[in-house]
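Let's have the full structure, built from the sequences with the hints guiding it.
Each residue of the sequence shown is one higher than the one before, starting from 1 at the first, in my numbering.
The hints are simulated quantities; they were obtained by calculation from the structure and are not laboratory data.
These numbers come from a predicted model, not from an experiment.
Heads up, some of the hints might be wrong.
[To be verified] Derived Cβ-Cβ restraints for the label pairs, each shown as a range:
#1 134 with 109: 32 to 42 Å
#2 151 with 171: 21 to 31 Å
#3 91 with 1: 18 to 28 Å
#4 44 with 74: 34 to 44 Å
#5 62 with 171: 38 to 48 Å
#6 134 with 156: 13 to 23 Å
#7 157 with 88: 35 to 45 Å
#8 134 with 9: 38 to 48 Å
#9 88 with 60: 13 to 23 Å
#10 66 with 4: 14 to 24 Å
#11 40 with 17: 22 to 32 Å
#12 149 with 66: 10 to 20 Å
The beta carbon of each residue, even a glycine, is placed where N, CA and C say it ideally should be.
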Amino acid sequence: RYLENMGSGNHMIIRNDAIRSVNWYEKDDAITTWYDSLDSSVQGIVRPVSNSFDTGIVPHNDVTFEGDRWIPRNLVGEVAGDITQVDTSGTPQAFHLSLADMERLTGEGRAFPSRFQRGTPALGWWWLRTPATSTQAWLISNTGFLTGYLLNTMRTVNGGIRPALIINPSTT
Numbered sequence: 001r002y003l004e005n006m007g008s009g010n011h012m013i014i015r016n017d018a019i020r021s022v023n024w025y026e027k028d029d030a031i032t033t034w035y036d037s038l039d040s041s042v043q044g045i046v047r048p049v050s051n052s053f054d055t056g057i058v059p060h061n062d063v064t065f066e067g068d069r070w071i072p073r074n075l076v077g078e079v080a081g082d083i084t085q086v087d088t089s090g091t092p093q094a095f096h097l098s099l100a101d102m103e104r105l106t107g108e109g110r111a112f113p114s115r116f117q118r119g120t121p122a123l124g125w126w127w128l129r130t131p132a133t134s135t136q137a138w139l140i141s142n143t144g145f146l147t148g149y150l151l152n153t154m155r156t157v158n159g160g161i162r163p164a165l166i167i168n169p170s171t172t
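Listed below in C-alpha cells is the structure:
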C-alpha cells in the first residue's frame, strides 16, 4: 500500500495486511525476518532509516483525539518527534510506523483518509512502535481506531505487524 511521496524520489509504502500472531516484544525480530525474505531487487531500492527510534511513551488517556480515536492532536516531546524519514547514517530496513507517523499520515487527502483505510478485520490490527506504558503499546485496531490500552504481550491470529519501507526506485 502506498503511503506518501517523501520527495527526492523516495516513497513510503506498507504491507497491505498484517503478519499475524506477533506480540509487541516479537515485532522487531518478525520485521527483520520479513525484510530478509524480500527479493534482492526490492531490498536494493530500500532507503536507510534510523537504526533506533526515540519513541517516547504516552498513555492512551493522555492523548486528545480529533474524532473517535482517529487523529492524535496533542503529541509532544519524543513521541511527537518520532517521525520516520530517510537517515543516510542508518540502515536500509523495514520499520514499524509510530504514533507520530499516524498523525501525519491520517486525514483527508492523506494515506489513511478513513479509519477503514487503516484497519479492517480482513487486514487485521497492527502494532505501532510507540509504547503507551511499560505493559501496553499503541496499535491500529481491526476497525481502524488508535488504541493504547491493550497489553503488549497480546498475540492473536487477528493481527500483528505491518512492515513499512521507504523506497527509491531510481537507486537501482
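Checked hints:
no., hint, in the structure
1, 134 with 109: 32 to 42 Å, "holds (37 Å)"
2, 151 with 171: 21 to 31 Å, "violated (40 Å)"
3, 91 with 1: 18 to 28 Å, "holds (23 Å)"
4, 44 with 74: 34 to 44 Å, "holds (40 Å)"
5, 62 with 171: 38 to 48 Å, "holds (40 Å)"
6, 134 with 156: 13 to 23 Å, "holds (21 Å)"
7, 157 with 88: 35 to 45 Å, "holds (39 Å)"
8, 134 with 9: 38 to 48 Å, "holds (40 Å)"
9, 88 with 60: 13 to 23 Å, "violated (35 Å)"
10, 66 with 4: 14 to 24 Å, "holds (19 Å)"
11, 40 with 17: 22 to 32 Å, "holds (23 Å)"
12, 149 with 66: 10 to 20 Å, "holds (19 Å)"
Checked against the numbered hints given earlier, this structure breaks hints 2, 9; the rest are met.
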